[in-house]
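Novice: Sequence:
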Amino acid sequence: MAKKTQTKKRVPKKKSKALVKKRKKPEKKALPWAGGADLMMQSDSPEHKIKKDSIIVISEALKITPFGVNILGGLPYINNLGLKQKSLFEYHKGANFEYNWVKRSEDDTDKAICEVRLVKGKTKLTPWIVGECSPASMKMGTLKGYQNHMAQTRAENRAIRFLDGVRMHLDLLNEIGRMRIKGDIDDKVASEAVHAITAGAEEINEEPQKNAHVPKLAPVVTKTQKSNPVQIAVDQIRNATNAASLTAMNRRVNELMKKGEFSQENGKYLSGLIKKRLIKMQVK
Numbered sequence: 001m002a003k004k005t006q007t008k009k010r011v012p013k014k015k016s017k018a019l020v021k022k023r024k025k026p027e028k029k030a031l032p033w034a035g036g037a038d039l040m041m042q043s044d045s046p047e048h049k050i051k052k053d054s055i056i057v058i059s060e061a062l063k064i065t066p067f068g069v070n071i072l073g074g075l076p077y078i079n080n081l082g083l084k085q086k087s088l089f090e091y092h093k094g095a096n097f098e099y100n101w102v103k104r105s106e107d108d109t110d111k112a113i114c115e116v117r118l119v120k121g122k123t124k125l126t127p128w129i130v131g132e133c134s135p136a137s138m139k140m141g142t143l144k145g146y147q148n149h150m151a152q153t154r155a156e157n158r159a160i161r162f163l164d165g166v167r168m169h170l171d172l173l174n175e176i177g178r179m180r181i182k183g184d185i186d187d188k189v190a191s192e193a194v195h196a197i198t199a200g201a202e203e204i205n206e207e208p209q210k211n212a213h214v215p216k217l218a219p220v221v222t223k224t225q226k227s228n229p230v231q232i233a234v235d236q237i238r239n240a241t242n243a244a245s246l247t248a249m250n251r252r253v254n255e256l257m258k259k260g261e262f263s264q265e266n267g268k269y270l271s272g273l274i275k276k277r278l279i280k281m282q283v284k
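Going letter by letter, the sequence shown gives residues 1 to 284 in my numbering.
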């Protein structure tokens, strides 16, 4: 007898449910800080690439962490982390801050005023530099209630800029210039990067100063300043054509140091430039 062939019943396959659900694309929301979207959003546009590259160039030029550089209002700036790393761990190892609280904020609507100076041992590197913060001067609503912290940070940043702003700016320019000569960086990236020391985030929305002590010397030229004493002095030293004028400049620098219009660090830096120029003139 012929064997009957058994036909297997077809069992309908159950459709397996996907273990991973498709995620919806996140909506593009404006980030709460000015310029933050320039780095956070993924973009292949040349403009955004230049801004990202400028952060890398600045961190390499000043030998600071990339997290010490931010973008604000479309321009790079050195934040509190970057300023501290450069000033306290390179220029003035062993230096630290002293604080004098003029007024502490006690609620979300109050104003905080903090004075800071840089010291190294018993040596005072800066005079008292003021930092103020109130809800009116805070652009980010999420920071309201942190006036004390913001006032302290602003004072720290201003003290470092008072002491090392010019030096840091010139170091950045010199290193970027060296990179450009070697062909390591694009000219557009270099032009973007040189703005890093010209302004700070805390200065963008600062309140008008009333009776608080503000140093007469601004360390760098900002958009709101027509001139800068230290930078003017640097230009005059470089343009001097004879030893007599350089000697007169050196006397003037020492006078301004005694009056407190030049910090000790800036005064020494200018005197060093003058000595180098005098040596070059003697060699010629």
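Do not take every clue at face value.
[Said to hold, decoys possible] Simulated restraints on C-beta separations:
1. S245 / G177: 31 to 39 angstroms
2. P46 / K182: 29 to 37 angstroms
3. D184 / T123: 32 to 40 angstroms
4. T109 / L81: 22 to 30 angstroms
[Claimed, not checked] Derived pair list, reagent style PhoX-like, types lysine-lysine, alpha-carbon separation capped at 20 angstroms:
5. K268 / K280
6. K111 / K124
7. K268 / K124
8. K259 / K276
9. K63 / K182
10. K120 / K84
11. K268 / K258
12. K124 / K280
Calculated from the structure, these hints are not laboratory results. The C-beta atom is built at its ideal place from N, Cα and C for all residues, glycine as well.
Novice: Please go over all the hints and tell whether each is borne out by the structure.
Specialist: Here is how each hint holds up against the structure:
For S245 and G177, the Cβ-Cβ distance of about 26 angstroms falls outside the hinted range of 31 to 39 angstroms, so the restraint is violated. Taking the beta carbon of each, P46 and K182 are about 22 angstroms apart, not inside 29 to 37 angstroms as hinted. Restraint check, D184 to T123: a C-beta distance of roughly 38 angstroms satisfies the suggested window 32 to 40 angstroms. Checked against the hint of 22 to 30 angstroms, the C-beta distance between T109 and L81 comes to roughly 29 angstroms, which is consistent with it.
Taking the CA atoms of K268 and K280, the gap is near 18 angstroms; set against the 20 angstroms cutoff, the hint holds. Between K111 and K124, the direct Cα distance comes to roughly 27 angstroms. Violation of the 20 angstroms bound is thereby established for this hinted pair. Pair hint K268 plus K124 holds up; C-alpha atoms about 15 angstroms apart against a cutoff of 20 angstroms. Our distance criterion of 20 angstroms between C-alpha atoms is broken by K259 and K276, whose separation comes to about 25 angstroms.
The hinted pair formed by K63 and K182 meets the criterion: a straight-line CA distance of about 18 angstroms does not exceed 20 angstroms. With a C-alpha separation of about 14 angstroms, the suggested pair K120 and K84 falls inside the 20 angstroms cut-off, and the hint holds. Distance restraint check for K268 and K258: the Cα-Cα separation of roughly 12 angstroms lies within the 20 angstroms cut-off, and the hinted pair is therefore satisfied. A threshold of 20 angstroms between alpha carbons decides the hint, and for K124 with K280 the separation of about 33 angstroms lies outside it, so the pair is violated.
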